[in-house]
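Asker: In terms of mature numbering (1 follows the signal peptide of the UniProt record, and there is no 0), the sequence shown is residues -18 to -1, 1 to 297.
Treat the hints with care, as some may be off.
[Said to hold, decoys possible] List of simulated lysine-lysine pairs, DSS-like, C-alpha gap at most 27 Å:
id, residue 1, residue 2
1, LYS24, LYS36
2, LYS54, LYS169
3, LYS186, LYS24
4, LYS56, LYS40
5, LYS182, LYS172
6, LYS172, LYS56
7, LYS282, LYS172
8, LYS80, LYS54
9, LYS80, LYS56
10, LYS169, LYS275
11, LYS36, LYS172
12, LYS80, LYS218
13, LYS269, LYS282
14, LYS275, LYS80
15, LYS236, LYS80
16, LYS218, LYS228
17, LYS54, LYS172
18, LYS34, LYS24
19, LYS275, LYS236
20, LYS228, LYS269
21, LYS182, LYS40
22, LYS36, LYS182
23, LYS80, LYS282
24, LYS182, LYS34
If you're looking for bench data, these hints aren't it; they were derived computationally from the structure.
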Amino acid sequence: MKTLLSLLLLIFPLLMVAQSPSPTQHREEITRHRVHEDSLFKFGAQSPLSAKDKASFKGLAYYPVEDAYRVKAKFTRTAQEVIFRMPTTGARTPEYVKYGELHFRLQGRALTLSVYQNQELMRQPQYMSYLFIPFTDGTTGQETYEIGRYLDFAIPAGTDSVWVDFNRAYNPSCAYGEGYSCPIPPKENKLPIRVEAGAKTYVKPHGKVAQGGVGVQESMPEFPGGTMALFQFLNKAFAMPALAKKAGVTGTVKFSFVVRADGTTDDFQIVQSLRADVDEAVLHAAKQMPLWKPGIQNGKPVNILYTVPFMVRGR
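Using the sequences and the hints given, assemble the complete structure.
Answerer: Below you can see the structure in the form of C-alpha cells.
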C-alpha cells in the first residue's frame, strides 16, 4: 500500500506549546503551515495527487482560521488498553492501542477525544512520540471528507495540559487519490458538534470528490459492556497457577484471538509469553468470554483479529 510517512514527517505539527500565541500570531502560524502544505501537495515527491491533478492544483480548501478552535485540553493516560486492528479504507488493518484521552470544552460542551498509538510506527525513532487522533463531526460527509479527518499529536512531556488546534485538521490521503489505505475513525471519536475548522473536502479539477470506497458504518468488535468490562471479566475468570503464585510471577501476557462475524471467538494464540503455566491459565480464562458484538466493515459483520495485553500479579 502507498504511504505518506515522509510527508507526515514534514507536516507533523506539535499540538503542545508552553504558551498560547495571540490571535494574530496564531493566524499567521496556521497560514504559513497551509502554504507549506499546499507546496508539498503541488511539488512534493510523496504528494497523494496524481501528476494530472498536480498540474492544475491551486491549493487545498480550508475553513477560515478561528482562534476559538484552538482549545486547552487535559490529557489523561489510559492503562490496560487493548491492542486492536483499526479498520481502514483498504485491506490493511494496522495495530493501534488507545494511548490516552483529551478532555476539553468547545462550543460550550464538554468533549472527549481518544488518542491512539500505531504499534508499528512507534518502533521507529522518528515516531516514538507520535500519536494519532482520527475523528468525525457534524461536517463529515458534508463540507468535509466523508471518512473523517485527522489530527497529529505528540506524547506530552511532563504535563497534562495541552493545546489542541482543530485549524490543523487534515484529510486522509484517500481524499486525494486512489490506492491508499486510510484508518477509519473509531465511533468513540465522533464529536456531536460541527467543527468548522481545518481542511474541507477536496474537489478534483474535473469537479468530482475523491472517493474512499468505504461504507458509512464501520466499527471494531466490542466486548459486552466495553473494554473495562472485558478486563473485569478476565480478572475474575483468571486463576493464577499455584507454583507461579508461590514464585511471585508478575508481568504481562499478550494474547490474540479472532472475533467472528457471529460474535464467537476462536483461534486463541499467545503473542507475548510470560510463563507456560501462566499463559495456559490466561487462555483458559479468555476462552470463557461470552459472545462479542462483531466488527463491521462496509456495513457487514466481519472476522477481526484482536490482541489483548493482560497484567498478571503473583502477589
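Asker: Now tell me, hint by hint, if it's right for this structure.
Answerer: Hint check results:
Among the hinted pairs, LYS24 with LYS36 is consistent with the structure: their alpha-carbon atoms are about 5 Å apart, no more than 27 Å. Straight-line distance between C-alpha atoms of LYS54 and LYS169 comes to about 23 Å, which keeps the hinted pair within the 27 Å bound. This hinted pair checks out: LYS186 and LYS24 have alpha carbons roughly 13 Å apart, not beyond 27 Å. With a CA separation close to 37 Å, the supplied pair LYS56 and LYS40 exceeds the 27 Å bound.
For the hint linking LYS182 to LYS172, the alpha-carbon distance of about 17 Å falls within 27 Å, and the restraint holds. In summary, the hint linking LYS172 to LYS56 is supported, as the alpha carbons are separated by about 18 Å, within the 27 Å threshold. Pair hint LYS282 plus LYS172 holds up; C-alpha atoms about 20 Å apart against a cutoff of 27 Å. For the hint linking LYS80 to LYS54, the alpha-carbon distance of about 20 Å falls within 27 Å, and the restraint holds.
Proximity of LYS80 to LYS56 is assessed by CA-CA distance (about 16 Å); at most 27 Å being required, the pair is judged to hold. Taking the CA atoms of LYS169 and LYS275, the gap is about 14 Å. The hint holds against a cut of 27 Å. The hinted pair formed by LYS36 and LYS172 fails the criterion: a straight-line CA distance of about 32 Å is larger than 27 Å. For the suggested pair LYS80 and LYS218, the alpha carbons sit about 23 Å apart, so the restraint of at most 27 Å is met.
Between the alpha carbons of LYS269 and LYS282 the distance comes to roughly 25 Å, so the proposed pair stays at or under 27 Å and holds. Pair hint LYS275 plus LYS80 holds up; C-alpha atoms about 19 Å apart against a cutoff of 27 Å. Between LYS236 and LYS80 the CA atoms are separated by roughly 16 Å; this keeps the pair inside 27 Å, and the hint holds. Proximity of LYS218 to LYS228 is assessed by CA-CA distance (about 19 Å); at most 27 Å being required, the pair is judged to hold.
The straight-line distance between the Cα atoms of LYS54 and LYS172 is roughly 19 Å, inside the 27 Å bound, and the hint therefore holds. Pair hint LYS34 plus LYS24 holds up; C-alpha atoms about 11 Å apart against a cutoff of 27 Å. Proposed proximity of LYS275 and LYS236 is supported: the alpha carbons are some 21 Å apart, at most 27 Å. Between LYS228 and LYS269, the direct Cα distance comes to roughly 25 Å. Compliance with the 27 Å bound is thereby established for this hinted pair.
Between LYS182 and LYS40 the CA atoms are separated by roughly 14 Å; this keeps the pair inside 27 Å, and the hint holds. Proximity of LYS36 to LYS182 is assessed by CA-CA distance (about 18 Å); at most 27 Å being required, the pair is judged to hold. For the hint linking LYS80 to LYS282, the alpha-carbon distance of about 24 Å falls within 27 Å, and the restraint holds. About 21 Å separates the Cα atoms of LYS182 and LYS34, which keeps this hinted pair within 27 Å; it holds.
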